[in-house]
Amino acid sequence: MPAFLLGAAGLYAIAILALYLGQRAIIYPAPGGPVAIPAGFEKVHLKTGDGLTLTAAWHPARSGKRTVLFFHGNGDTLPGAAAATRGLAEAGYGVLLADYRGYAGNPGKPTEAGLIMDGKAAEAFLSAQGIKPESVILMGASLGTGIATQLAADRTPAALVLVSPFTSLADAGAAALPWAPVRLLMHDQFKSRDVIADMEAPVLVLHGADDRVIPFKQGRALANAAPHGEFLRFDGNGHQLQFTAQAQDAIVQWLVRKGL
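So the sequence shown is numbered by full-length UniProt numbering: it starts at 1 and just counts up by one.
Wrong hints could be hidden among the right ones.
Stated by the list, open to error - Pair ranges (Cβ atoms, derived):
hint, residue 1, residue 2, range
1, 42, 224, 24 to 30 Å
2, 197, 134, 45 to 51 Å
3, 135, 40, 18 to 24 Å
4, 156, 75, 29 to 35 Å
5, 217, 86, 25 to 31 Å
Don't read these hints as lab results, they were simulated from the structure.
We treat Cβ as the ideally placed atom computed from N, Cα and C, and that holds for glycine.
With these hints in hand, go ahead and build the complete structure from the sequences.
What follows is the structure, given as structure tokens:
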């Protein structure tokens, strides 16, 4: 083999090894902390099954309204999560903004299993407030859609709302790095399309047609896989769709149509 090919192969192997060893730092670029609790929210603590105490933000519902349990994207924080759910809070819905292990001063290191455990701790907090799981609207954006979908598969919520979701984390990674054997490398999978196929709850998926982080077609495929899925396309919003008033208004309108 020519020397330049050997050199290229060596560089490729080094790049693949670096991806493998550093994958969780790439997937979970956890912001440092602590961060401020958003205005209008109360600081609360979530107790995980493996003994961690995580900071979260809580905004109770107006009388007669449901509660949204929201999971933010991989680089976001509680203030960003509040911005992503502002329209819901203004419409009277309760909102619990969950945060993750290793994020914003929380203990622990993020993994798929750990983040799902963090989500269950958020569900337990709501149960302690007298809010039944079947009355909760699970919602996630980007990475948070993987957590919300897995929780919805374990217990049927009132509804599942997914903004800019992936069909699986491996699918998203493979789309971002087509030159790497991502599916063979990834520890964390978040196989949303597999678990959503048996979902009994109504599902709303929103995705930007010009999303350059998670391909638009993955959001559509996820909605198509859900037995009671509905899909909304948005143009010109990219991957930050959850922060737009247009998307938040559409979510509120959909929930009202569903009687939620």
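Taking the hints in turn, this is what the structure says about them:
1. 42 / 224: 24 to 30 Å: Violated, since residue 42 and residue 224 (Cβ atoms, about 39 Å apart) do not stay within the stated range.
2. 197 / 134: 45 to 51 Å: violated, 20 Å
3. 135 / 40: 18 to 24 Å: holds, 21 Å
4. 156 / 75: 29 to 35 Å: Between residue 156 and residue 75, where Cβ atoms are some 30 Å apart, the hint holds.
5. 217 / 86: 25 to 31 Å: Holds, since residue 217 and residue 86 (Cβ atoms, about 29 Å apart) stay within the stated range.
Of the numbered hints given earlier, the model fails hints 1 and 2; all others are met.
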